[in-house]
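Number of protein chains: 2
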Amino acid sequence: MDPDDGVERPTLASVAALAQVSKQTVSNVLNAPHLVSGATLDRVRAVIDEVGYRPLRAAQQMRSHRSQLIGIRIDPVREGLGGIVLDQFLHALTRSAEESGHRMVLFTADGAEGEVAAYDELVAGFAVDAFVLTGTSHGDPRTAWLRRRRLPVASFGRPWDDPTGRSWVDTDGAAGTRAATEHLVAQGHTRIAFLGWPVGSGTGDDRRSGWLGAMASAGLPVAGLDAGLPDDPAVAQAAALGLLAARGVTALVCASDSLALGALGAVQELGRRPGADVGVVGFDDSPVAAAIGLSSVAQPVAAAAAACIDLLRAQLDPGPGDDVDEPVLLAPRLVVRASSERGGPQAVVPPVLPAP
Amino acid sequence: MDPDDGVERPTLASVAALAQVSKQTVSNVLNAPHLVSGATLDRVRAVIDEVGYRPLRAAQQMRSHRSQLIGIRIDPVREGLGGIVLDQFLHALTRSAEESGHRMVLFTADGAEGEVAAYDELVAGFAVDAFVLTGTSHGDPRTAWLRRRRLPVASFGRPWDDPTGRSWVDTDGAAGTRAATEHLVAQGHTRIAFLGWPVGSGTGDDRRSGWLGAMASAGLPVAGLDAGLPDDPAVAQAAALGLLAARGVTALVCASDSLALGALGAVQELGRRPGADVGVVGFDDSPVAAAIGLSSVAQPVAAAAAACIDLLRAQLDPGPGDDVDEPVLLAPRLVVRASSERGGPQAVVPPVLPAP
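Chains as they are written, first to last, in the working numbering: chain S, 1 to 356; chain E, 1 to 356.
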């Protein structure tokens with residue numbers, strides 16, 4: 001390739017000249033091929049292919065005021081387990097967007113204010129039609145800005161500060177930890193602890209509530225069995241060690257696979273067998289869970305992506321029966337592996353986290 | 001939000017009318033704010049913000065024939081460990097693209113032919129300026145198509161069928177497995193096996209060659225120590241079991257973390273200690289490796305992304321000193337953890353892969 005060769009980009013007119021047809025015929029080949037005879041169609045298409053003519057969408061954009069682009073923020077780097085669900089979501093979203101004729105365009109931003117500035121630039125510079133939001137939290141300034149601009153928006157994750165909020169899709173985290181707890185109760189455990197995040201995060205409190213509800217339904221005590229921790233395996237290992245050694249705990253429901261990794265480390269540190277002696281269940285079903293035999297709660301990522309695109313599509317082109325902003329709460333799925341099965345074919349052996 | 005309220009999208013003219021200025025002044029506020037007085041600037045910007053005016057890039061696009069969009073394919077779903085490096089690359093690419101004023105736009109496609117069809121549609125429908133390719137393989141039809149269309153392209157991964165190919169960025173896989181092998185030799189191992197993929201994949205053969213070279217340099221034998229396998233932990237576990245039990249192997253260099261997981265399973269199955277008794281090194285430094293204490297070769301993902309964007313930028317706007325398509329081969333980094341250190345602070349304990 002020599003981009004410096006000074007050749008002009010081909011135009012509709014140059015294609016028409018080379019194919020010896022009118023510009024209208026070239027336009028018909030592109031936009032209404034049924035109006036063009038087979039031989040002409042072949043000839044014009046051959047020229048278009050030969051010269052690499054790009055029939056710029058720009059003119060169409062100016063008429064429709066639609067770019068067919070949907071924006072979504074991603075982190076500038078991806079490390080650890082935390083972002084795996086969002087990466088899976090992005091893959092599914094790309095497919096779902098395509099099925100409705102849209103493409104996902106990516107951007108990075110620091111914080112919610114930076115994200116709003118990025119929206120502004122994407123709308124001004126790229127005419128982005130709509131946005132998918134992730135990582136919603138208490139007091140989120142993003143949706144207000146988008147609504148003021150009348151931009152279609154769908155959130156993966158609830159607006160925790162606004163119970164009347166609309167146009168979101170989320171996983172029913174409480175249902176996931178409830179299923180995990182009920183599974184451990186069915187395995188004969190009665191001292192079941194919860195390794196979660198500190199109280200105050202919407203997602204974390206949701207996951208805690210499912211454990212609390214299932215324990216109450218089973219008539220089991222929870223006092224002293226609830227740990228609020230940073231999402232760090234080493235911290236979780238120390239906390240789990242205390243719960244297992246001093247509080248008679250035999251099973252742990254965890255708000256993430258990172259916390260569950262720490263729990264497995266503590267089980268091993270005490271010389272107990274995961275699965276057979278101590279049940280451990282994580283959350284998000286990361287590739288790590290599948291690799292080491294850790295039971296985990298899987299989010300319905302593909303369904304969430306399809307639901308987000310459906311919300312945007314309804315807002316962009318509302319039909320008679322469309323709920324343009326009806327929230328969607330999806331059920332997760334408990335994936336049982338060796339780490340929580342007492343009679344399983346083979347016990348999982350946990351990783352040891354080397355001393356930092 | 002009520003998208004059905006029939007309000008027309010604001011135009012340059014309606015902003016001008018509301019701000020009581022000329023259309024040229026609005027244009028100046030957007031494109032040449034230094035020409036506009038402070039009070040007018042504030043008033044026009046307030047109206048733009050209030051009504052949500054989008055100064056469509058379309059008109060600029062038609063003049064420049066540039067969309068500032070760069071296309072990249074992603075898989076419609078993401079499972080297991082295989083795609084983690086590409087996801088990390090995508091995050092870094094988004095950041096590098098932004099630094100040059102571009103945005104990444106995503107698409108999915110089935111196979112190389114499907115990818116070419118997607119290029120066609122992205123160029124015609126979205127005026128995408130350039131593409132980043134991944135997953136290059138022998139006999140790739142994609143670069144030929146893109147070159148014929150004079151579209152700037154950069155590949156993450158070498159065009160293995162064409163040693164004279166240009167405009168690619170890749171990790172020096174051989175250097176990675178060479179470093180892993182030398183590290184194991186330094187730990188006192190002499191029977192070091194290679195768990196790789198079947199001969200014929202460019203990336204796999206590259207990684208194999210680094211092990212072969214380091215073994216030759218150390219004067220160590222390789223006969224019977226080279227396994228070509230599918231990228232599946234269970235298959236790798238069976239192969240590693242044979243190498244450890246019957247061939248006196250005490251260390252394994254693996255072409256992926258998936259294969260290394262299988263190797264760790266075999267070490268445990270034989271009651272040996274990873275690190276202390278048997279050294280294991282994976283490739284790609286996935287989050288699984290960090291989580292379970294597996295040594296692994298890390299690809300320089302951020303540098304690769306920056307190099308790809310730099311190649312595209314040079315092709316789009318070649319400057320006097322630009323190498324528009326000079327290949328870039330980047331050195332990986334060996335991350336040593338407990339799985340390959342005989343005297344480490346704590347030995348890794350591998351996962352057991354439950355029977356399928």
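The set of hints was computed from the structure by calculation and includes no laboratory data.
The structure displayed is predicted, hence computed values, not measured ones.
A portion of the hints provided could be inaccurate.
The list treats identical chains as interchangeable, and a pair is accepted whether it falls inside one copy or across any two copies.
Each computed SDA-like pair below joins lysine to any residue, with the alpha-carbon atoms no more than 25 Å apart [what the hints assert, rightly or not]: (1) 23 with 327; (2) 23 with 39; (3) 23 with 148; (4) 23 with 335; (5) 23 with 12.
Verification of the hints:
no. : hint        : in the structure
1   : 23 with 327 : neither (48 Å within a copy, 41 Å between copies)
2   : 23 with 39  : within (17 Å within a copy, 47 Å between copies)
3   : 23 with 148 : between (42 Å within a copy, 23 Å between copies)
4   : 23 with 335 : neither (60 Å within a copy, 60 Å between copies)
5   : 23 with 12  : within (6 Å within a copy, 30 Å between copies)
Going down the numbered hints, you'll see the structure goes against 1 and 4, while the others check out.
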